[in-house]
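**Student:** Sequence:
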Amino acid sequence: TAFGRGTIGGAVNVVTKRPTSEIEASLETEVGSFADAKATAILNAPILDNDLLNARLVVFGDVSDGFVSFDPVVSDGDVGSEGYGFRLGLASQLTDDLGLNASFSYNRAVYDDVNVAFSTGLSGSDFQRPGDFLGENTIDRFFGRVEATYETDFGVFRSQTSYRFVDTLLFATDEFAGLTLLDTFITQEEETFSQEIRYEGDAFNLGGAMGEAAINLGGNFSYARLKSRDLTDPGDDAFRLFGIEAFGAPLEDDGSNVRFNFDQEVLSYSAFGDVRWRPTPKLEIAAGARISIDQVETEAATLSFGLTQFVFPESPAGRGRKTFLSVTPQVSVKYDWSDNLTTYASYSTGFRPGGFTNPSAGFTEFGSEKVQSFEAGLRARLLDDKLSLSISGFYLEYDNIQVGLREVINGVVVASIDNAAAARSFGGEVTVMAEPFEGLTLQGAAGLTFAEFTDFSDAPFVSATGPTTDLTGTTLPNAPVFTANIAAEYEHPKDIMPGVRAYIRSGYNIRSDFKASTNPAFPEINGFDTLDLRIGLRGAAYSIEAYAERLFNER
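Using our numbering, read the sequence shown as starting at 725 and increasing by one per residue.
Calculated from the structure, these hints are not laboratory results. Cβ coordinates follow ideal geometry from the N, Cα and C atoms, glycine included. Each hint should be verified, as a subset may be incorrect.
With a straight-line Cα cutoff of 20 Å, these simulated EDC-like cross-link-like pairs (lysine to aspartate or glutamate) come out [claimed, not checked]: (1) 1094 <-> 1176; (2) 1046 <-> 1008; (3) 1058 <-> 1153; (4) 951 <-> 914; (5) 1094 <-> 1182; (6) 1239 <-> 1176; (7) 1239 <-> 1253; (8) 1239 <-> 1142.
Just the calculated beta-carbon pair ranges, DEER-fashion [unchecked claim]: (9) 914 <-> 1247: 27 to 33 Å; (10) 1167 <-> 832: 34 to 40 Å; (11) 1211 <-> 1071: 29 to 35 Å; (12) 868 <-> 771: 15 to 21 Å; (13) 1051 <-> 928: 47 to 53 Å; (14) 1017 <-> 1115: 35 to 41 Å; (15) 736 <-> 1119: 20 to 26 Å; (16) 1105 <-> 1051: 33 to 39 Å; (17) 1062 <-> 912: 22 to 28 Å; (18) 824 <-> 863: 26 to 32 Å; (19) 1255 <-> 736: 49 to 55 Å; (20) 834 <-> 1256: 23 to 29 Å.
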């Protein structure tokens, strides 16, 4: 419950390495084909004695000419990029019980000019966008977090404050036969502030034959803001190409443009808690819940100038405000049959608040989404821990599932969100890891997922039979039925020279066909498989590695 809503499939908690009192320095570099290069430098050092202040600085950068080829007739072909940034960590142990940790990071990504492939999959009366030329685009990200930890005899109190800011600038031009049709400028700012206080209790004895229990409690407040500005400007060529004339002569560009302004603020308040009870050393029962209140407020407008008003009529600022209340309980049971065999079963719920779409899609409201999840599985370690096995099965039932849409409206691709009445997903996964002999590690996993809309009779797509399409029974997007991977690593158990070992590592991945969009007019993405290979030398203070990725399949 501490990780919040929407974590039905689990949450990945990435914890960067914290500063220590040791002096440490390292450098990692990588170069590859397609003109790829990366570098990371790390410095860790104590600033004040007795762990009063330690610092860790990571500086990184990368550059690439890209590896995706687009239309060779009108483009150089690849999406080049470069990026750089840093992460600074600070740690202070003020007393034996009170500690402070802080982390601040910044990175910038810059993407080169490039031509994007011709728009395929758009059929019927939809306007064919022949070529998108992306200009130099930049994304700036900043993140900061400060955490205070106070340890007591009965548990740990934590306070965490975080702030995130993302600034995106995008420029694109639509061209056809050397004519400029549209120039598009998009600026977007995302800002999030969060404050959380949490108590993580130690296990305590309930007395008698009741066993022991532990309690976790917490509360969170967050504020999120999104500010988006989208400007589309048709040039002289657009008027000439479409034959827009006045008094028998083509019109010049009169400053016509259309602007989409979108501002959204979300205030969220939540309280969460769970109890973990062990009536016996082998059995654990956990139950908890999260209560959340989300207030979503949105303002959007379409502003048109000149002849663009005939295509996108100006609309007054639309305003929407709605409050969502959710209670998401969960319960799980785990039983340790032995030190090497565990079975578990769980039931959990998830919630995603609704909101309002951007003005280019008509400023419509979409509802909240709920999901129920059932999962069961086992984990086993066999053959003196040389073989481990994990098997799990799941079933998810969605109510009012939110669906991301990309539609062509008057020749412009716009994104919006709609609700399908119901959907479900079920399947399973098997993972095996083995160490048949010293130095060799094998790992394999395979998964099956069957995900479909069980009620989407009013999908907002134009079809040959009418203004809507019934997508009931169709597959959810981004849900391949079959996925699998196999990995193997062998490290020679003896030194090939003093203090140096040689190793080889290989990975194979396969994925079946899947849909990339809910729109039935868009084709499926073909399934694919990839094979990667790495070979290297590993010493006490250095490693050298050569690699080849996508060995037999470039697509």
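**Student:** Which hints from the list above does the structure break, by number from lowest to highest?
**Tutor:** 2, 13, 17, 19
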